[in-house]
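Just so you know, the sequences run in chain order A and B. Residues are numbered in this note's numbering as their position in the first sequence, beginning at 1, plus a constant of 285. Residues are numbered in this note's numbering as their position in the second sequence, beginning at 1, plus a constant of 285.
Just so you know, these hints were derived from the structure itself, not from any lab. Incorrect hints may appear among the rest.
One copy or any two copies: either way a pair holds, since identical chains are not told apart in the list.
Listed below are the simulated DSS-like cross-link pairs for lysine-lysine, each with C-alpha atoms no more than 30 Å apart in a straight line [unchecked claim]:
| hint | residue 1 | residue 2 |
| --- | --- | --- |
| 1 | 421 | 287 |
| 2 | 409 | 343 |
| 3 | 343 | 444 |
| 4 | 521 | 482 |
| 5 | 421 | 332 |
| 6 | 395 | 462 |
| 7 | 287 | 521 |
| 8 | 462 | 444 |
| 9 | 332 | 315 |
| 10 | 521 | 536 |
| 11 | 462 | 421 |
| 12 | 462 | 293 |
| 13 | 362 | 340 |
| 14 | 409 | 444 |
| 15 | 521 | 362 |
2 protein chains.
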Amino acid sequence: MKINSKIKIIAFDADDTLWVNEPYYRETEKAFTYLLSDYLPEEKVSKMLLETETKNIKLYGYGVKGFVLSMIETALKITGEAADISQSREAANLEILIAKIISQIINLGKELINKPLVLLTGVKNTLEAINVQGIKLVLATKGDLLDQERKLKNSSLSKCFHHIEIMSNKNQEDYQKLLERLGISPDEFLMIGNSVKSDILPVLSIGSYAIHIPYHTNWAHENVTNNAQNHKRFLKIESILEILPVIERNKDRFV
Amino acid sequence: MKINSKIKIIAFDADDTLWVNEPYYRETEKAFTYLLSDYLPEEKVSKMLLETETKNIKLYGYGVKGFVLSMIETALKITGEAADISQSREAANLEILIAKIISQIINLGKELINKPLVLLTGVKNTLEAINVQGIKLVLATKGDLLDQERKLKNSSLSKCFHHIEIMSNKNQEDYQKLLERLGISPDEFLMIGNSVKSDILPVLSIGSYAIHIPYHTNWAHENVTNNAQNHKRFLKIESILEILPVIERNKDRFV
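Put together the whole structure using the sequences plus the hints.
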């Protein structure tokens with residue numbers, strides 16, 4: 286990464302950049318596929334869930350409530366198909382189970398909302414050290430409004446951020462609007478996050494800087510090839526612990 | 286209403302202040318109670334739904350997805366109780382229906398998301414006339430992030446607003462944070478909306494001005510007594526068409 290301008294604001298993604306998120310979703314999905322394993326092998330249930338989520342994303346957006354609604358829709362589809370095939374007394378019994386399955390999906394959703402907030406290693410120290418240097422921090426996250434506000438509150442990180450932006454999407458125009466709102470130009474903005482699709486590519490394409498910190502677990506919907514590995518405004522690091530050295534090396538480039 | 290300071294920003298609520306919202310929800314609820322009318326009289330279904338929504342509001346927040354999840358939860362409760370009571374072959378038949386009922390609830394939710402955006406009378410002209418006078422307008426709304434952004438886009442009103450704030454709640458602290466973000470003091474802020482609970486009482490209590498425009502249909506959860514009828518920073522009007530005359534009468538009080 287070669288920084289040629291002055292960076293006025295560093296923005297961090299939240300889920301799986303600052304705190305654990307995707308593993309909780311995968312855990313919930315596992316419990317969901319298990320609920321339906323009498324009907325269909327678990328990997329097929331997963332595949333159908335992803336298809337339903339992808340189809341619904343425009344309508345529901347990101348976050349836990351849309352995820353729960355997509356699980357319910359998937360369960361209805363799978364159990365409905367099973368009933369159509371057998372059309373027997375057994376089918377009636379299978380259908381009786383559906384109420385219990387859906388009730389359990391709703392509970393899985395509520396449990397997911399109430400999962401403990403776990404910060405990733407080095408997050409708190411890094412943010413506080415950046416604060417001390419007087420560099421402005423912004424939180425830029427997708428997801429459910431209430432859910433993300435709750436997580437932020439539980440994280441005790443609110444005070445580190447000059448501005449919190451909960452976005453319904455993270456494409457080029459969304460970042461452009463964010464920069465307008467912040468009153469800065471693209472080359473004064475550095476985004477840090479775990480998703481190549483949401484935190485890196487759109488940011489590079491508007492002329493800003495981006496640092497990728499991969500996370501071990503990603504939602505399939507976010508998976509894209511990173512064709513910007515050699516981009517001069519891009520850097521990939523292993524952990525948030527490498528952020529302070531990057532700032533140190535480019536000391537005169539941060540305001 | 287007696288304005289003793291200079292108003293720098295006028296904020297408008299969105300749902301049922303600028304555009305139709307609650308009638309769509311009531312229409313959906315009516316379809317929902319009808320779906321369950323074999324199990325329970327419709328008014329009892331409504332009552333149970335409100336109880337479920339109220340219980341879930343802390344977890345789900347405001348908006349259509351939480352509403353759909355609460356409808357599903359209510360349907361499971363009602364059909365489950367019916368099955369427990371009869372425990373017969375008939376109960377099994379009733380339970381077979383549950384998958385269809387829940388599938389229809391999901392469809393009702395999707396239809397609700399896709400309802401046409403209908404502006405209330407006088408909204409566009411009023412906002413544009415306020416714009417012409419150089420008074421800054423803010424949109425301050427509760428609800429689902431994506432859903433409210435979509436409605437705003439369909440309304441073609443975005444350009445009228447200096448700032449859009451989609452809030453997970455509208456209590457005193459939420460308004461205080463909004464004022465901080467806008468960089469103004471309470472006596473420089475006027476809120477206009479249809480909900481006494483969300484748009485009027487918390488705003489008056491922090492020292493700002495509030496104008497109430499009642500709407501013919503309200504969500505029971507928002508119903509509170511207005512004990513501020515005679516408050517000196519409060520005004521109740523019948524329609525948004527009365528806003529311009531209020532500004533005209535207090536011309537020197539708006540910046």
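Outcome of the hint check:
| no. | hint | verdict |
| --- | --- | --- |
| 1 | 421 <-> 287 | within (20 Å within a copy, 41 Å between copies) |
| 2 | 409 <-> 343 | between (34 Å within a copy, 27 Å between copies) |
| 3 | 343 <-> 444 | between (32 Å within a copy, 23 Å between copies) |
| 4 | 521 <-> 482 | within (14 Å within a copy, 49 Å between copies) |
| 5 | 421 <-> 332 | neither (41 Å within a copy, 49 Å between copies) |
| 6 | 395 <-> 462 | between (33 Å within a copy, 28 Å between copies) |
| 7 | 287 <-> 521 | within (13 Å within a copy, 59 Å between copies) |
| 8 | 462 <-> 444 | both (23 Å within a copy, 13 Å between copies) |
| 9 | 332 <-> 315 | within (12 Å within a copy, 35 Å between copies) |
| 10 | 521 <-> 536 | within (19 Å within a copy, 56 Å between copies) |
| 11 | 462 <-> 421 | both (18 Å within a copy, 19 Å between copies) |
| 12 | 462 <-> 293 | both (16 Å within a copy, 23 Å between copies) |
| 13 | 362 <-> 340 | both (14 Å within a copy, 29 Å between copies) |
| 14 | 409 <-> 444 | within (11 Å within a copy, 38 Å between copies) |
| 15 | 521 <-> 362 | neither (41 Å within a copy, 50 Å between copies) |
When the structure is compared with the earlier hints, violations turn up for hints 5, 15 and for no others.
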